[in-house]
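Peer 1: Listed below are the residues making up each chain.
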Amino acid sequence: MVRENYLASLKKSIINLDFKAVVEVAKEAMDAGVDPHTAITDGMVPGMTIVGEKFESGEYFLSELVVAGEVMKEGLEIINPYIKGDSAKRLGKVVIATVEGDNHDLGKNIVTTLLGVHGFEVVDLGKDVPTDKIIAAVKERKPDILGLSALLTVTMPKMGEAIDTLKAADLRERVKVIVGGSPVTPEFAESIGADHCAVNALEGIKKCTEWVTPRGVS
Amino acid sequence: MHGVGDSTRGELIMAEMTRHERIMTATHKKRADKLPFFHYWRHSQIGWAERECRNRGMGMCWERPPYISKMHGVKSSETQVVSSGTVVLRRTYSTPVGSIYLDEKREPGIERWHELRSWRDVLPWQTDRLIKGPEDYKVLKYMVENTEYTPYYFPIEQAMDWLGDDGVVIDNMPHSPMQMLMINWIGSEGGRFFIHHAKYPDLVEDLYRAISKSYEPLYEIAAKSPAPIALCGDNIDGVLVNPKLFQKYFMPEYEKQARALHEHAKLMAVHMDGRVGILKDLIAKTPIDIVEGLHSPPMGDLPIGEALSLWKDKVVWTGFPGSVYSLGPEAVKKHALNLLREVGSGDRLVVEMSTENLVSNENLLMLTSVLENADLPLTKEKIDRIERSLG
Chain E
1 MVRENYLASL KKSIINLDFK AVVEVAKEAM DAGVDPHTAI TDGMVPGMTI VGEKFESGEY
61 FLSELVVAGE VMKEGLEIIN PYIKGDSAKR LGKVVIATVE GDNHDLGKNI VTTLLGVHGF
121 EVVDLGKDVP TDKIIAAVKE RKPDILGLSA LLTVTMPKMG EAIDTLKAAD LRERVKVIVG
181 GSPVTPEFAE SIGADHCAVN ALEGIKKCTE WVTPRGVS
Chain Y
219 MHGVGDSTRG ELIMAEMTRH ERIMTATHKK RADKLPFFHY WRHSQIGWAE RECRNRGMGM
279 CWERPPYISK MHGVKSSETQ VVSSGTVVLR RTYSTPVGSI YLDEKREPGI ERWHELRSWR
339 DVLPWQTDRL IKGPEDYKVL KYMVENTEYT PYYFPIEQAM DWLGDDGVVI DNMPHSPMQM
399 LMINWIGSEG GRFFIHHAKY PDLVEDLYRA ISKSYEPLYE IAAKSPAPIA LCGDNIDGVL
459 VNPKLFQKYF MPEYEKQARA LHEHAKLMAV HMDGRVGILK DLIAKTPIDI VEGLHSPPMG
519 DLPIGEALSL WKDKVVWTGF PGSVYSLGPE AVKKHALNLL REVGSGDRLV VEMSTENLVS
579 NENLLMLTSV LENADLPLTK EKIDRIERSL G
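Residue numbers (the working numbering), protein chains in the order written: chain E, 1 to 218; chain Y, 219 to 609.
Source of the hints: derived by calculation from the structure; they are not laboratory data. Treat each hint with caution, since some may be false.
Unchecked claim - Covered stretches of chain Y, going by a simulated chain E footprint (3 or more residues, C-beta under 8 Å): (1) 334-343; (2) 405-413; (3) 452-463; (4) 536-543.
Glycine is no exception: its CB is placed at the ideal position from the N, C-alpha and C atoms.
Build out the structure end to end from the sequences listed, making use of the hints.
Peer 2: The following block contains the structure:
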């Protein structure tokens, strides 16, 4: 099989949500000496982009988006060991967390996967994350963007607490804050001083990309 | 409603409907005297504001199970363990075909107030679900197939006796089979349900069918309970339950449940508090009588007026959005007035003060102030008058 065929098969395995195929093709591609970076950026990422487009057009639902992300992860498990060093260029850095008291991480995990696909370095703090841990991560990891997620209305105030704590620590100006989750509205985001409320995962990714892309560059 | 003779005018003056009559009249798609509104018992905070709101027309709703269940051949044990640095309660089920466990994180207040709810009204979180890998399915299937449901109507009768005309008592039923897998047993954290459904479709579907079969006696039990309504405890959100899943796994189950309930003239409600816009045409085709917990935007994505127009054979019990409550009483007033303006005559509608959270006294009083004078049929003049009365 020629290099282009491996890349096309990797792309197809993502679009078709095919766990078995992605692992088989990834193994074959690595055995055949396909560059691992190329396998990812020209094989799997274009597949994930098409899945995203299908999601936006309504052909695919959240379930397909999640499964495609998982298929990609299984392919990456095969390919990643072949990558020497971290030569990938990163678009920007995002620290992301589901706030304290909230155990829901489905949306946050989708955003995390898509951020990675789109070239961001992601520091995923997980779910039920206390505010002080979020602030410490912003201080230490110096991200461009802080993403906060909540599904419960009772945990939404923790987003405001994080922003207030960032201000108190003189960190607020260093980082853009994007919030999201089913009950989170633009009005609420504005009331707590967030920079943006993500309508959905893809819209949130677009906003993050816009923030880290210099003006005039698309 | 009781008729009172007025000898001076020779007319029959109708007294106000009781809260029970109001809710049930609207739920039977007839016109009540006022727009019914109620608070779920588990969300209410007994106190001066709650009493005042009740005195001003707010009803109450109790959910109680009409059954007890027993697992045969299954031993369960609980122990406290530390998992990923967190103290959790581990419940292990041991069966002849193997063991499975779940881990629960519990907040302060659980077992000190009501049900397994914390002081914040939040249920314990399962940090590890019963199904973790493919090997767990056979154990859970054994548990499902060896669960026996028997009628137990005492809690319903007791609540009906206590509540009287102050509201309604409804049967609390478990999630439908696939939702049980999505939410409780496999769980959706990290998209786990979707991943299992894609990787192990045969295992998921086999367990789904086993649960569906095991529920059949449960539907008969609910149908014969003295409560007038059975609430299927689903938690429908079109983002999680997409149209393909809804059509394949949810609609057939609703049809089965509705058949049993309708044979005994009972109404069927399903909790649908998420973004159900994508499911609206499919919901129209279900035999559900009450779409319960429907949230208007910004939390939902289907305006209540549109839902009422679309689902002419159904009643909507709308949940007041928690995200509006978070913005305070003025936002509550604005949202409630907008709600009244979009629902036409206000028929086939009941307002639930909340389906998910405790409500602050200030918000509860404000919502009551808007709703207490919402005489039916609603008109622009009546709503304007309510708005003026609020200053």
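Peer 1: Each of the hints needs a verdict: does it hold here or not?
Peer 2: Results for each hint:
{"no.": "1", "hint": "334-343", "verdict": "holds (count 4)"}
{"no.": "2", "hint": "405-413", "verdict": "holds (count 6)"}
{"no.": "3", "hint": "452-463", "verdict": "holds (count 7)"}
{"no.": "4", "hint": "536-543", "verdict": "holds (count 4)"}
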